[in-house]
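*Asks:* Residue strings, one per chain:
There are 2 protein chains.
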Amino acid sequence: MTQNRYSFNDPVIVLANGSFPSHLIAKKYLNKSGTIICTDGAADKLIGSGRNPDIIIGDFDSTSIKGKDRTGIWIETPDQNKTDLEKTFEWCIMNNIKKIVLLGSSGKREDHTIGNLFTLAKYHDEIKCEMITNYAKIICVSGENYIFADTNQTISIIATEPIDSITLDGLQYNMKNESLLPSAHAISNKAISDKFYLESTGKVLVFLNHIS
Amino acid sequence: MTQNRYSFNDPVIVLANGSFPSHLIAKKYLNKSGTIICTDGAADKLIGSGRNPDIIIGDFDSTSIKGKDRTGIWIETPDQNKTDLEKTFEWCIMNNIKKIVLLGSSGKREDHTIGNLFTLAKYHDEIKCEMITNYAKIICVSGENYIFADTNQTISIIATEPIDSITLDGLQYNMKNESLLPSAHAISNKAISDKFYLESTGKVLVFLNHIS
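As given, the protein sequences belong to chains S and D, one line each in that order. So for the first sequence, the numbering used here puts the first residue at 1133; every next one is plus one. So for the second sequence, the numbering used here puts the first residue at 1133; every next one is plus one.
Isolated chain S (complex conformation) (with noise of 0.2 Å):
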């Protein structure tokens, strides 16, 4: 991959080959996109539904679009060694994009869904990601945090490495310097105001489930 001046409109959308954005909150994101980012098939979709892609990135295995047919600006990645999405995730950085939505990135293969949170992980502290799906918005944290929330707004943490200490207040059950493994030990809270605190000696992964 190389780095060339690219100038990107925000919001940076990128698009993942999962369940196409039906929920109301995720199609508003698609909708108010300034760039819309597709890994490899989920161009497919996109203009499927009546809008191109700015960007295509991949080894395009998975997309049916002909090399005549193609809009947008095609990067070819074929290391095999990363998935689609880690290599769009490091063609961002590289790009000096600071920030992403990304969308279509569950819903479908569930080691996919799982290998995409844990993408959001690894590359957290060199950009910052909100990934919307048609069932929660999901960040990754740590260090001390405040989270805005809706009032009775159902939230899972869960950890994607061992935690030595975490701390959560503000919500239906608190947590005061717990240690927290990867599990289901942290799943189905509720916010009880507008925001909570959330303090975190190592990276964990907040979903804030959609209301309705």
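Honestly, I wouldn't trust all of these hints.
[Stated by the list, open to error] Pairs of lysine to any residue, SDA-like flavour, derived with a Cα cap of 25 Å: (1) S:1308 with D:1211; (2) S:1327 with S:1157; (3) D:1214 with S:1299; (4) S:1254 with D:1315; (5) D:1240 with S:1157; (6) S:1240 with D:1279; (7) D:1322 with D:1333; (8) D:1214 with S:1309; (9) S:1322 with D:1240; (10) S:1159 with D:1240; (11) S:1240 with D:1335; (12) S:1254 with D:1306; (13) S:1335 with D:1296; (14) S:1159 with D:1151; (15) D:1177 with D:1229; (16) D:1240 with S:1284; (17) S:1214 with D:1299; (18) D:1327 with D:1295; (19) D:1230 with S:1315; (20) D:1269 with D:1163; (21) S:1254 with S:1208; (22) S:1335 with D:1283; (23) S:1230 with S:1271; (24) D:1322 with S:1209; (25) D:1214 with S:1313; (26) S:1160 with D:1240; (27) D:1254 with S:1293; (28) S:1230 with D:1315; (29) D:1177 with S:1342; (30) S:1240 with D:1176; (31) S:1322 with D:1193; (32) S:1240 with D:1154; (33) D:1240 with S:1315; (34) S:1214 with D:1177; (35) S:1214 with D:1311; (36) D:1308 with S:1213; (37) D:1214 with S:1285; (38) S:1308 with D:1213.
If you are wondering where the hints come from, they were derived from the structure by calculation, not from laboratory data. The structure displayed is predicted, hence computed values, not measured ones.
Add chain D to chain S, keeping to what the hints say.
*Replies:* Just chain D now, kept in the frame of chain S:
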């Protein structure tokens, strides 16, 4: 929860409240069930499909079935510190069930899907579980294993904890005494014959994606 003198016809199916089985392979498991245990709201879906649950386990906050319409054995487990699926696994272990097939455990909320996979790993030493989704058969293994697959089947390995040493042999991309973190690193490998070898010092999830 108390232990009763139940006896169960094999195979024992646990049906969770995610996407109802729609893939041919998942439906086949449901159709061949000897006993069906539903977690909470999954009972509604099973009854909606024309079958009756044998046992229903949960805090009954997701079911719309009222007392007089209940069929099967309803076991109330109000513990807020555990998910319905964790409570179901513990009930099965307490009742000497050695092996279950888990259906309906993915495809809706991503936090539930991941929580269910960690639950598989958590109880791995106590109960054998095959999770069959609309995309894959997923098992948790550790130690030395020969795993049956189909030639060209897409296989992913995801660690549920930091693994000191994993060896894979008989796949398109093999590993020899490598370390593996929970990550997207070993996703979308491929079987090159009808079985492969996996040895791991810790618990890993193996995703055998359905061929079609």
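*Asks:* Decide, hint by hint, whether the structure agrees.
*Replies:* Here's how the hints hold up against the structure:
no.	hint	verdict
1	S:1308 with D:1211	21 Å, holds
2	S:1327 with S:1157	19 Å, holds
3	D:1214 with S:1299	19 Å, holds
4	S:1254 with D:1315	8 Å, holds
5	D:1240 with S:1157	16 Å, holds
6	S:1240 with D:1279	24 Å, holds
7	D:1322 with D:1333	22 Å, holds
8	D:1214 with S:1309	20 Å, holds
9	S:1322 with D:1240	18 Å, holds
10	S:1159 with D:1240	17 Å, holds
11	S:1240 with D:1335	24 Å, holds
12	S:1254 with D:1306	23 Å, holds
13	S:1335 with D:1296	20 Å, holds
14	S:1159 with D:1151	21 Å, holds
15	D:1177 with D:1229	24 Å, holds
16	D:1240 with S:1284	19 Å, holds
17	S:1214 with D:1299	19 Å, holds
18	D:1327 with D:1295	22 Å, holds
19	D:1230 with S:1315	22 Å, holds
20	D:1269 with D:1163	16 Å, holds
21	S:1254 with S:1208	22 Å, holds
22	S:1335 with D:1283	37 Å, violated
23	S:1230 with S:1271	15 Å, holds
24	D:1322 with S:1209	20 Å, holds
25	D:1214 with S:1313	15 Å, holds
26	S:1160 with D:1240	20 Å, holds
27	D:1254 with S:1293	15 Å, holds
28	S:1230 with D:1315	22 Å, holds
29	D:1177 with S:1342	22 Å, holds
30	S:1240 with D:1176	24 Å, holds
31	S:1322 with D:1193	15 Å, holds
32	S:1240 with D:1154	13 Å, holds
33	D:1240 with S:1315	18 Å, holds
34	S:1214 with D:1177	38 Å, violated
35	S:1214 with D:1311	17 Å, holds
36	D:1308 with S:1213	16 Å, holds
37	D:1214 with S:1285	19 Å, holds
38	S:1308 with D:1213	16 Å, holds
Of the numbered hints stated above, those contradicted by the structure are hints 22 and 34, listed in ascending order.
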